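Engineer: One letter stands for each residue in the lines below.
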Amino acid sequence: MSSHEWFKELKLGNKAAFEQLVKETQEMVCRVIYTHVQDNSATEDIIQETYLRAYMSLNGLREPLKVRAWLAGIARNTAMEWIRKRRPQTLLREDTVMPLEDLLERQLLAKKAIDNLDSYERRIVYLRYQQGMSYKKIASVLDMTVSGVGEKLCRVRKKIKEEIEREEAL
Amino acid sequence: MNCKDAEIWISYYLDKELVETDKRELLSHVSTCSACSNLLKTLGENDLVIASNVQPSKDYSPQIIKAINAVSLAPQPAFDRRSTRGGRAEGATTKRNSVALVIGLSGAAAVILLSIIIWLTLAPSNLESIKVLSGKVHIENGFAKTAKGEEGEIELAGGHRIRLSQNTEIKVEKPTALNLNNGSATFDVKKVDGFTVKTAVAQVRVLGTKFKLEFGGNTMKEMMVTLFVISGLVELQNNVATLKASDGDTVYALSAQEPQKLEEKDRKKLEELLSRLGNDDPQVREKAQQELGQFVNNEARATFVTQSLKNADPDLSERLKSILGAYKNRGEKIVYVAGTGSQQPGGYEVWIMKPDGTEKKKLTTISYPGYPTWSPDGKKIIYVSAEPGPITIMDLNGKTQKDFKSNIELGRIAFPTFSPDSKQIAFLSRKKDPKNQAWILYVMDSDGGNLRKLTDKAYFSAICFSPDGMKIAYLGVPKEENPGICVMGVQGTYFKQLTEYKKSWMDFSPCFSPDGNKIIFARQNPTSVADQSGIWVIDVDGSNPKRLVKTMVIVDSRPSFSPSGKEIAFMSRHDGVWGIFVMDADGANVKRLVASKEGGEYSYPVWSPSVKTGQD
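As given, the protein sequences belong to chains A and B, one line each in that order. Everything in the first sequence is counted per the numbering used here, starting at 1 for the first residue and increasing by one. Everything in the second sequence is counted per the numbering used here, starting at 171 for the first residue and increasing by one.
Just so you know, the hints here were simulated from the structure itself, not pulled from any lab data. Heads up, some of the hints might be wrong.
To be verified - Pairs of lysine-lysine, BS3-like flavour, derived with a Cα cap of 25 Å:
#1 Lys152/A to Lys174/B
#2 Lys193/B to Lys158/A
#3 Lys236/B to Lys15/A
#4 Lys152/A to Lys186/B
#5 Lys137/A to Lys193/B
#6 Lys158/A to Lys174/B
#7 Lys503/B to Lys593/B
#8 Lys193/B to Lys152/A
#9 Lys503/B to Lys736/B
#10 Lys575/B to Lys623/B
#11 Lys228/B to Lys111/A
#12 Lys186/B to Lys158/A
#13 Lys11/A to Lys236/B
#14 Lys228/B to Lys112/A
#15 Lys228/B to Lys15/A
#16 Lys161/A to Lys174/B
#17 Lys572/B to Lys531/B
#18 Lys174/B to Lys159/A
#19 Lys736/B to Lys439/B
As the list claims (entries may be wrong) - Cβ-Cβ distance ranges computed for the label pairs, FRET-style:
#20 Gln225/B to Lys8/A: 25 to 33 Å
#21 Lys532/B to Val141/A: 34 to 42 Å
#22 Val146/A to Lys530/B: 19 to 27 Å
#23 Ile309/B to Lys8/A: 39 to 47 Å
#24 Glu168/A to Lys457/B: 52 to 60 Å
#25 Lys137/A to Asp756/B: 51 to 59 Å
Since we're looking at a predicted model, the values are computed, not measured. Ideal Cβ placement from N, Cα and C applies to all residues, glycine included.
Looking at chain A on its own, in the form it has when it is part of the complex (with noise of 0.2 Å):
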């Protein structure tokens, strides 16, 4: 199946063209959603109810260069209609103010950047990013200072800022 023909069924409803999709674009999904709502578990909801979504607005598709960016649309308002959910008292906009192409792409290269970092860099970007330790736990699971650990954590953002701006230049 050409990708002219897979877009024509995925557009149609071919359940097996949008499984397809599902298995492609999941982790951008993925990491766009916990950008939002910060949360594994939501972001597991979150991920279904977007590409129920999804699925139900196949009709409005246009574009096959576009899926993704529209998936990725999607699946930011399903975010944040679930923070509305949590913060009742808080009215949500629609659109977003970075663009989403840009996050997409800051995502990439932040992904890359921290590929490229030591296993002991990645282990404190995890401890602290994905486990969100204080500098006084990393310290005490790392066996360092509590000031070794600030002064790290700076180093590698610094790392990762200018691998970005890098990336970002070429």
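We have chain A; now place chain B onto it with these hints.
Structural biologist: Positioned in the frame of chain A, the structure of chain B alone reads:
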């Protein structure tokens, strides 16, 4: 703070590991440094994407297909463009009303506003009422837009002015609502908590875009400060947007109502002070300067006045800055002697501390040093080591730089004092002689040479050079049994006695004011405390003596002006406990810095000088 420090502090800040005071300092630096401001923004955004570097825990496709089958969903026809773009959030309109909506999302490491919409309720108007006041703003279909490199200002019905920076799009969705989509626009901002700032510029950072919210009125823009709201949640209700920092410690309000103005009385006061500062009469200027100092009597307010003025009136800003600079130049440290009074090591030592009583540091470990005071550059301390010992000069780590052992033959030495140009040292000296209580006042070059006797009719008391270095104030006994505060020219040609011994009291420890016009001294009346005892001030010609503070007993007191002349440090048993105190130059606000319960007696507090350029 410099940018190098800021880099690591930003990292700590993003990780919420920075203590409150450091946080304020960092944000204050960031608000004035565009490089660090950009760094904070970029790192904050990066944090968000780093934190979202997650992998799906499994392949979701089977479960999703199963769900699609289960609910028999089918792609829906006839979607409008909006839903095509992004699956319109159901129910999103339910709460859209006259107030605004904003959402903030927290990141694991940094919480940055992800998106923000501010809907401002304006006075009823129609869309045609958007008026371009200046710059290039394109108005069409209810949108006000600026392109890249363009900016301008518009006015909406009700007189609300919005300044648009480049790449800004503002949509007037209804006659009564404004939707800020992108770029930056100006509104008035009222901070409701924390500092007393009433109006401000707030920069609301959001992912990918910076919203700069500025004070919207065109009056008293000088009262603006920059507030960085880089994280938190914005909620709008009743036309007021409240920004809550993620840690809940800062609350701002963005008001969509009439622009906030500087309180009229504050504004009047400021203008009145500024006009008096331009007066030809130096006395009027000095008075106004003092009042301005009081008006901006804390650093936050001073920073606030100078920073905000910078944009509005650079000239005025410069003038204020120099005035405030002089005001803030209050001397970094106070040196003093503290101890239990024991002759053992540690019994008495030289200490320094900040004028607020913090950061106490012991400099000597020799026991019984005496009479410490500062070199004019504030980098060294001159004192008498291990009394009776030589005049010694040490650095602020207690390391001896120089001593004058040859002077020991002069006898006991007291109160070595640098001249303001550092070229001479004056001191008192006395040989053991029960019949003669008088001390000799010597002056020598600061290398120890050219020793000369100024007078042998001095008493034991602190001495002080005048700021121009031409005179020395000391406690003299020019006539038999009639000691008093005297001023003598360093060449011995000028002499004036300012006060006289009245049988019951005694004056001592004179200290020139930084402008050289006044002398403060301590007066002690052992027979009647209420009568005369206390810290006094007198004009250098001996007129206008005035008691500033009444004290119980004063021993070894050495009142010392701060370099600005606005405060005086002294030692006293002011309220029954010995200690070192600071008060305003007019005797108000007496504040204890150290108390004897912290370990013995305290004496000889001397304020460090303001550092003058050209001296090192």
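Engineer: Would the pair Lys174/B and Lys159/A pass a check requiring their Cα atoms to be no farther apart than 25 Å?
Structural biologist: Measuring from Cα to Cα gives roughly 16 Å; hence the hint holds.
Engineer: Going straight from one Cα to the other, do Lys236/B and Lys15/A come out at no more than 25 Å?
Structural biologist: Holds - the C-alpha atoms of Lys15/A and Lys236/B are around 10 Å apart, at most 25 Å.
Engineer: Holds or violated: 51 to 59 Å for the Cβ distance of Lys137/A and Asp756/B?
Structural biologist: holds, 53 Å
Engineer: So if I understand the rule, the pair passes when the alpha-carbon distance is 25 Å or less; does Lys228/B with Lys112/A pass?
Structural biologist: Within the cut-off at roughly 21 Å; holds.
Engineer: Taking only the CA atoms, is the gap from Lys736/B to Lys439/B under or equal to 25 Å?
Structural biologist: Holds, at roughly 21 Å.
Engineer: Given the hinted pair Lys137/A and Lys193/B, is their Cα-Cα distance within 25 Å?
Structural biologist: Holds. Lys137/A to Lys193/B sits at ~21 Å (cutoff 25 Å).
Engineer: Run the distance test for Lys228/B versus Lys15/A: straight-line Cα separation, threshold 25 Å.
Structural biologist: holds, 19 Å
Engineer: Can you confirm whether the C-alpha distance between Lys186/B and Lys158/A stays at or below 25 Å?
Structural biologist: The hint holds at about 17 Å.
Engineer: Does the structure keep Lys11/A and Lys236/B at a Cα separation of 25 Å or less?
Structural biologist: holds, 19 Å
Engineer: Starting from Lys193/B, check that the Cα of Lys158/A is at most 25 Å away, please.
Structural biologist: Holds, because 20 Å separates the two Cα atoms, which is no more than 25 Å.
Engineer: Is Lys572/B close enough to Lys531/B, meaning Cα to Cα at most 25 Å?
Structural biologist: holds, 21 Å
Engineer: Straight-line Cα separation of Lys575/B and Lys623/B no greater than 25 Å?
Structural biologist: holds, 18 Å
In the structure shown, no violation is registered for any of the earlier numbered hints.
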